[in-house]
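My request is simple: use the sequences and hints to build the entire structure.
Chains Y and A supply the protein sequences, listed in that same order.
Going by the numbering used here, the first sequence opens with residue 85, and the numbers climb by one from there.
Going by the numbering used here, the second sequence opens with residue 85, and the numbers climb by one from there.
Treat the hints with care, since some could be wrong.
The list treats identical chains as one, so a pair stands whether inside a single copy or across any two.
To be verified - No farther apart than 25 Å at their CA atoms in a straight line, the calculated lysine to any residue pairs in the SDA-like style are these:
#1 LYS328 x THR340
#2 LYS605 x PRO102
#3 LYS485 x ASP430
#4 LYS577 x ARG378
#5 LYS647 x ARG625
#6 LYS381 x GLU336
#7 LYS449 x PHE509
#8 LYS487 x GLY216
#9 LYS651 x SER425
#10 LYS449 x ASP517
#11 LYS301 x SER573
#12 LYS577 x ARG417
#13 LYS301 x THR621
#14 LYS599 x ARG360
#15 LYS485 x THR112
#16 LYS140 x GLY445
#17 LYS314 x LEU576
#18 LYS357 x GLY445
The hints are simulated quantities; they were obtained by calculation from the structure and are not laboratory data.
Protein chains: 2
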Amino acid sequence: MRRSLAHVMAAAVLRRYPGAKCAAGICTDDGFRYDFELPETLTDARLPEIDAEMRKIIGADVPFSVSSMSRQEAFALFSGEPYLTERLSETAEGGTVNTCTAAGFTDIAGGPYNGTTGSLSSCGFKLLSVSGAYWKGDEHRPMLQRISAAAFSGEAQLASYVERLEQLRKRDHRLIGAEQDLFSLHEEAGPGLCYWHPKGGRMRVAIENFWRDEHYKNGYEIVFTPHVGKSWLWETSGHLGFYKDSMYNPMEMDNTDYYIKPMNCPFHIMIYKNSRRSYRDLPFRWAELGTVYRFEKSGTLHGLTRVRGFTQDDAHIFCTPEQMDGEISEVLRFSLYMLRSFDFTDVSAYLSTRPLGKSVGADEKWTAATEALRRAIEREGLAYEVDEGGGAFYGPKIDLKVKDSLGREWQLSTIQFDFNLPERFGLTYTGRDGSEKQPYMVHRALLGSLERFFGVMIENYAGSYPVWLCPTQVQVIPVNRDADPYANSVRLKLRAAGIRADIDTGEDNMKQKIKAAQVQKIPYMFILGTKEAESGTVSCRVRTGEQQNSVPFDDMLQIIRQKIEKKEQP
Amino acid sequence: MRRSLAHVMAAAVLRRYPGAKCAAGICTDDGFRYDFELPETLTDARLPEIDAEMRKIIGADVPFSVSSMSRQEAFALFSGEPYLTERLSETAEGGTVNTCTAAGFTDIAGGPYNGTTGSLSSCGFKLLSVSGAYWKGDEHRPMLQRISAAAFSGEAQLASYVERLEQLRKRDHRLIGAEQDLFSLHEEAGPGLCYWHPKGGRMRVAIENFWRDEHYKNGYEIVFTPHVGKSWLWETSGHLGFYKDSMYNPMEMDNTDYYIKPMNCPFHIMIYKNSRRSYRDLPFRWAELGTVYRFEKSGTLHGLTRVRGFTQDDAHIFCTPEQMDGEISEVLRFSLYMLRSFDFTDVSAYLSTRPLGKSVGADEKWTAATEALRRAIEREGLAYEVDEGGGAFYGPKIDLKVKDSLGREWQLSTIQFDFNLPERFGLTYTGRDGSEKQPYMVHRALLGSLERFFGVMIENYAGSYPVWLCPTQVQVIPVNRDADPYANSVRLKLRAAGIRADIDTGEDNMKQKIKAAQVQKIPYMFILGTKEAESGTVSCRVRTGEQQNSVPFDDMLQIIRQKIEKKEQP
Numbered sequence: 085m086r087r088s089l090a091h092v093m094a095a096a097v098l099r100r101y102p103g104a105k106c107a108a109g110i111c112t113d114d115g116f117r118y119d120f121e122l123p124e125t126l127t128d129a130r131l132p133e134i135d136a137e138m139r140k141i142i143g144a145d146v147p148f149s150v151s152s153m154s155r156q157e158a159f160a161l162f163s164g165e166p167y168l169t170e171r172l173s174e175t176a177e178g179g180t181v182n183t184c185t186a187a188g189f190t191d192i193a194g195g196p197y198n199g200t201t202g203s204l205s206s207c208g209f210k211l212l213s214v215s216g217a218y219w220k221g222d223e224h225r226p227m228l229q230r231i232s233a234a235a236f237s238g239e240a241q242l243a244s245y246v247e248r249l250e251q252l253r254k255r256d257h258r259l260i261g262a263e264q265d266l267f268s269l270h271e272e273a274g275p276g277l278c279y280w281h282p283k284g285g286r287m288r289v290a291i292e293n294f295w296r297d298e299h300y301k302n303g304y305e306i307v308f309t310p311h312v313g314k315s316w317l318w319e320t321s322g323h324l325g326f327y328k329d330s331m332y333n334p335m336e337m338d339n340t341d342y343y344i345k346p347m348n349c350p351f352h353i354m355i356y357k358n359s360r361r362s363y364r365d366l367p368f369r370w371a372e373l374g375t376v377y378r379f380e381k382s383g384t385l386h387g388l389t390r391v392r393g394f395t396q397d398d399a400h401i402f403c404t405p406e407q408m409d410g411e412i413s414e415v416l417r418f419s420l421y422m423l424r425s426f427d428f429t430d431v432s433a434y435l436s437t438r439p440l441g442k443s444v445g446a447d448e449k450w451t452a453a454t455e456a457l458r459r460a461i462e463r464e465g466l467a468y469e470v471d472e473g474g475g476a477f478y479g480p481k482i483d484l485k486v487k488d489s490l491g492r493e494w495q496l497s498t499i500q501f502d503f504n505l506p507e508r509f510g511l512t513y514t515g516r517d518g519s520e521k522q523p524y525m526v527h528r529a530l531l532g533s534l535e536r537f538f539g540v541m542i543e544n545y546a547g548s549y550p551v552w553l554c555p556t557q558v559q560v561i562p563v564n565r566d567a568d569p570y571a572n573s574v575r576l577k578l579r580a581a582g583i584r585a586d587i588d589t590g591e592d593n594m595k596q597k598i599k600a601a602q603v604q605k606i607p608y609m610f611i612l613g614t615k616e617a618e619s620g621t622v623s624c625r626v627r628t629g630e631q632q633n634s635v636p637f638d639d640m641l642q643i644i645r646q647k648i649e650k651k652e653q654p
Numbered sequence: 085m086r087r088s089l090a091h092v093m094a095a096a097v098l099r100r101y102p103g104a105k106c107a108a109g110i111c112t113d114d115g116f117r118y119d120f121e122l123p124e125t126l127t128d129a130r131l132p133e134i135d136a137e138m139r140k141i142i143g144a145d146v147p148f149s150v151s152s153m154s155r156q157e158a159f160a161l162f163s164g165e166p167y168l169t170e171r172l173s174e175t176a177e178g179g180t181v182n183t184c185t186a187a188g189f190t191d192i193a194g195g196p197y198n199g200t201t202g203s204l205s206s207c208g209f210k211l212l213s214v215s216g217a218y219w220k221g222d223e224h225r226p227m228l229q230r231i232s233a234a235a236f237s238g239e240a241q242l243a244s245y246v247e248r249l250e251q252l253r254k255r256d257h258r259l260i261g262a263e264q265d266l267f268s269l270h271e272e273a274g275p276g277l278c279y280w281h282p283k284g285g286r287m288r289v290a291i292e293n294f295w296r297d298e299h300y301k302n303g304y305e306i307v308f309t310p311h312v313g314k315s316w317l318w319e320t321s322g323h324l325g326f327y328k329d330s331m332y333n334p335m336e337m338d339n340t341d342y343y344i345k346p347m348n349c350p351f352h353i354m355i356y357k358n359s360r361r362s363y364r365d366l367p368f369r370w371a372e373l374g375t376v377y378r379f380e381k382s383g384t385l386h387g388l389t390r391v392r393g394f395t396q397d398d399a400h401i402f403c404t405p406e407q408m409d410g411e412i413s414e415v416l417r418f419s420l421y422m423l424r425s426f427d428f429t430d431v432s433a434y435l436s437t438r439p440l441g442k443s444v445g446a447d448e449k450w451t452a453a454t455e456a457l458r459r460a461i462e463r464e465g466l467a468y469e470v471d472e473g474g475g476a477f478y479g480p481k482i483d484l485k486v487k488d489s490l491g492r493e494w495q496l497s498t499i500q501f502d503f504n505l506p507e508r509f510g511l512t513y514t515g516r517d518g519s520e521k522q523p524y525m526v527h528r529a530l531l532g533s534l535e536r537f538f539g540v541m542i543e544n545y546a547g548s549y550p551v552w553l554c555p556t557q558v559q560v561i562p563v564n565r566d567a568d569p570y571a572n573s574v575r576l577k578l579r580a581a582g583i584r585a586d587i588d589t590g591e592d593n594m595k596q597k598i599k600a601a602q603v604q605k606i607p608y609m610f611i612l613g614t615k616e617a618e619s620g621t622v623s624c625r626v627r628t629g630e631q632q633n634s635v636p637f638d639d640m641l642q643i644i645r646q647k648i649e650k651k652e653q654p
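Now the structure itself:
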């Protein structure tokens, strides 16, 4: 069906653009697409005309005629069609070639077709977009125009698919990030590197403050380490051996290679090794918002969810064997608490165990660590899957994946044992019996990377954040110039109370100002005129649409503070 | 006098270490030193013996005999003295050579001497240290032993000098940093790169939180930008042209050079250029705790005060000409407020004006900016000096220097105009008249770099910080095992109240625990036993030595909170 529709689309394009050269089409999981060389550059605005032409062809109910011929006959048939000729030359020599003709267009047949175009009339299809695509995906070959379409067996399925596409589009963090002026990326200054704008910065500061407070409350200490280090660090850690391809190349200075860090671990280890450690000092829980750099392939970069520089909410736990069980339970409990604080409540766990073949660490350590992870998951009553043998060579781990409001799964938290680094760096502590022992070491990131988390969070909330995260919590809107002084005083009172309040003293009228605040999804608008100024009250319009008039300032402040405190929506 | 003392010291060393070879001595601003090749390696423990020998020579009151001879005669005299022979060979050929002999040692005379050793008896001198020093400062020549001494015309001057040395030593941030376990540097992982340990991290978090809050209160926005960028950024900014020597070398990736940033400015400019800007949007005050990397020569590195990686408390102000005056006043006022918050109250300003020769920017901009800086200083009533022509080629600036508690001057804040970057990056805003104009751009750092500021601050407070900065604000000390449960509950209550409280449940006795807390300069010790547990009170010993017994917990909490709030000492 999708193949037949692709054929119909090619025929329609040929009718509207005589001289067009058809290249190739394919069926996709949710539709089809076809690439063309066209006499003019199309925009999406042209798609309705092609759609109309397709529906005419379907209405005419003409047959798809498939025929078989020798390669030689086919070459003759497709002379003047460079792309079809090239495709033909890729078929087996001496074989026969099937072609399909309908509505004046003959293609090399790629599989079965419907009987007639009329049988497509019950399908639901929609042309989605025109984009550029290199012939054969090769940037040295001609740039063609690709028309992509969704297609399903009925209109209802199409409608629900299009609805979901629209949801995804509206929630796209790149779109919302631009609308709300939260962040940007700059290809010319380096792809995959995020610039947090003032409003994104306010949100990041809110997240970081919460993160730091919670870490201190949960018995962590916060450290800060450099972003560069000599190759010695990465040789010792082994990263240069097995991870070099993902690292930025070195900076050579004074005959020494320095690397920008892809991970924080060796730096935390340097702090560990700075003093002699005793069992009395352990456990250490050292956390850092550490910005790391990894040179991901440019084709895989995507907004904030796949970047080259990101701030891990990293921590390392160093503990004795006796402490391990309790520490793992604590870190899992804390992970879930953090995720739930951002309304990620649908969480699954994935436990990865010892891989076959090469791995480091004694059997009993692997068993003890894996069982500690399993017990922690079971204590929390989490659904989990076991990836037998799927662990890294240096230790077992738990990954936590959350489902967002569209049902997509995102891996955020990781709790990963490491039997490799304590060995390589020779970490020890003095045990109760006076002998030197090796501590257990656990890497853990709760949010993962702040950039990726931010992207996922924006899409999950569709830009409508709970009050504590909103870059602007209250937009103060004076209804006219006379109300400016009162509006300013209200804004100052809000700021003094620690509320992120902005004021719109622009030239727009009140309705436009309200509209602008709604587009920004600001949770509270204080609309202030003479009446409010005289009574010292505020009229408050909430993002949800409700409005309360002439409320005492302190009452409204109280409500907002409670919403912030409870991390709730307005 | 110092020359004569150096001679006496050399003679004393020769007496105690027959076979020693004297190399060379010099007078310094506060004493003298002499370098020797010795048959054994000295430690500071040997200095009293040499001191005693010197005092014998002085007591013997022997003459300094200066005589003149030909170079040839001198070579004969110093045969068997390789260093003196080498020094001799550096004198002018055919000239005469003066020598000085006293107490059995003959040196090449470097200037006038006292008449007799006895005349030195009224001097105050003290041998300070033995250290290694390459002959001629050349690492390919022999390593000698250098004895350094302080010397003044009287005992009183010596005493006050030694007292000051002791003060400096006790306040050395490297020493206090190690004692209080605040930070470390690791040569093998990269010189000049600071690792903030858990306790240093607590202090940095306190400083950063204060910094962020104050910046928001003062109308700044906080941004976050990457640590690396393509060479395009630094070519456009001009850093690669005039600043390359101080930058780390590039990382080449995909045929492009990436640099780790030495400055944040081009990144803030990318945010500016991300949208069209109107006069209505200005001023922008964008601040970042931006970590930058500069490859300072290894010989100039010193603890935290001269490093290769540091976090600038950076901001850029973009404003219209009409706003400039107000902005500069504001930023100066804010700078002084921040410095005073850390008890730096003795502040002087240095105004640097347009350099002769190469500089960029129109005359009227230089004049307007320089006058704005001058007016701001005068409005604050600050003492200031003008460095005529001492500005950078791209704009005038104010530096603020603070005097610390030992009277040393440190440059911390800078407020620097930049007429270069707005031009190079083509920054504009739409003016009220609809035309595109170039904004004024001001760089400013208040604390300068967090690392350097931290070093200076540690020395200024000599490790006894005001309560809000202390890594541990309360040390909870149970007097015996029975008191542990109550002590733990008090610690939890303190933590819940946002107080940084630790507990010492170690094996030491109470006196040892108090001593340990005093060494750490912890402002409050809660000493808890059965009496306190039964009455629900605390006995509190303050860093200053006072003690209050059986105070209700809430009263003590109230006192501590007020000290924190007011940024006061305990």
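Verification of the hints:
Taking identical chains as interchangeable, the C-alpha atoms of LYS328 and THR340 lie at most 25 Å apart whether they share a chain (17 Å) or sit on different chains (18 Å). Proximity of LYS605 to PRO102 under the C-alpha cut-off of 25 Å is found in neither arrangement, the shortest distances being 48 Å within a copy and 87 Å between copies. Taking CA atoms no more than 25 Å apart as the test, LYS485 paired with ASP430 passes inside one copy only; the shortest distance there is 8 Å, against 55 Å between copies. For a Cα distance limit of 25 Å, the shortest separation of LYS577 from ARG378 qualifies neither inside one copy, at 44 Å, nor across copies, at 43 Å.
Taking the shortest Cα distances, LYS647 and ARG625 sit within 25 Å of each other inside one copy (15 Å), while across copies they are farther apart (41 Å). In this assembly of identical chains, LYS381 and GLU336 lie within 25 Å of each other by CA distance both inside one copy and across copies; the values are 23 Å within and 15 Å between. Only within a single protomer do LYS449 and PHE509 lie at most 25 Å apart by alpha-carbon distance; the minimum there is 18 Å, versus 57 Å between protomers. In this assembly of identical chains, the alpha carbons of LYS487 and GLY216 never lie at most 25 Å apart, being 33 Å within a copy and 64 Å across copies at closest.
Proximity of LYS651 and SER425 under a CA criterion of 25 Å is satisfied intra-copy only: 7 Å inside one chain copy versus 32 Å between copies. In this homomeric assembly, LYS449 and ASP517 come within 25 Å of each other (Cα to Cα) only inside a single copy, at 20 Å, whereas the closest approach across copies is 73 Å. Proximity of LYS301 and SER573 under a CA criterion of 25 Å is satisfied inter-copy only: 15 Å between copies versus 36 Å inside one chain copy. Proximity of LYS577 to ARG417 under the C-alpha cut-off of 25 Å is restricted to the inter-copy arrangement: shortest distance 22 Å between copies versus 38 Å within a copy.
Only between protomers do LYS301 and THR621 lie at most 25 Å apart by alpha-carbon distance; the minimum there is 24 Å, versus 38 Å within a single protomer. Taking the shortest Cα distances, LYS599 and ARG360 sit within 25 Å of each other only across copies (21 Å), while inside one copy they are farther apart (62 Å). For a Cα distance limit of 25 Å, the shortest separation of LYS485 from THR112 qualifies neither inside one copy, at 27 Å, nor across copies, at 67 Å. Taking the shortest Cα distances, LYS140 and GLY445 never come within 25 Å of each other, neither inside one copy (69 Å) nor across copies (67 Å).
In this assembly of identical chains, LYS314 and LEU576 lie within 25 Å of each other by CA distance neither inside one copy nor across copies; the values are 49 Å within and 41 Å between. In this assembly of identical chains, LYS357 and GLY445 lie within 25 Å of each other by CA distance solely inside one copy; the values are 21 Å within and 52 Å between copies.
The structure fails hints 2, 4, 8, 15, 16, 17 (numbered hints given earlier, in ascending order).
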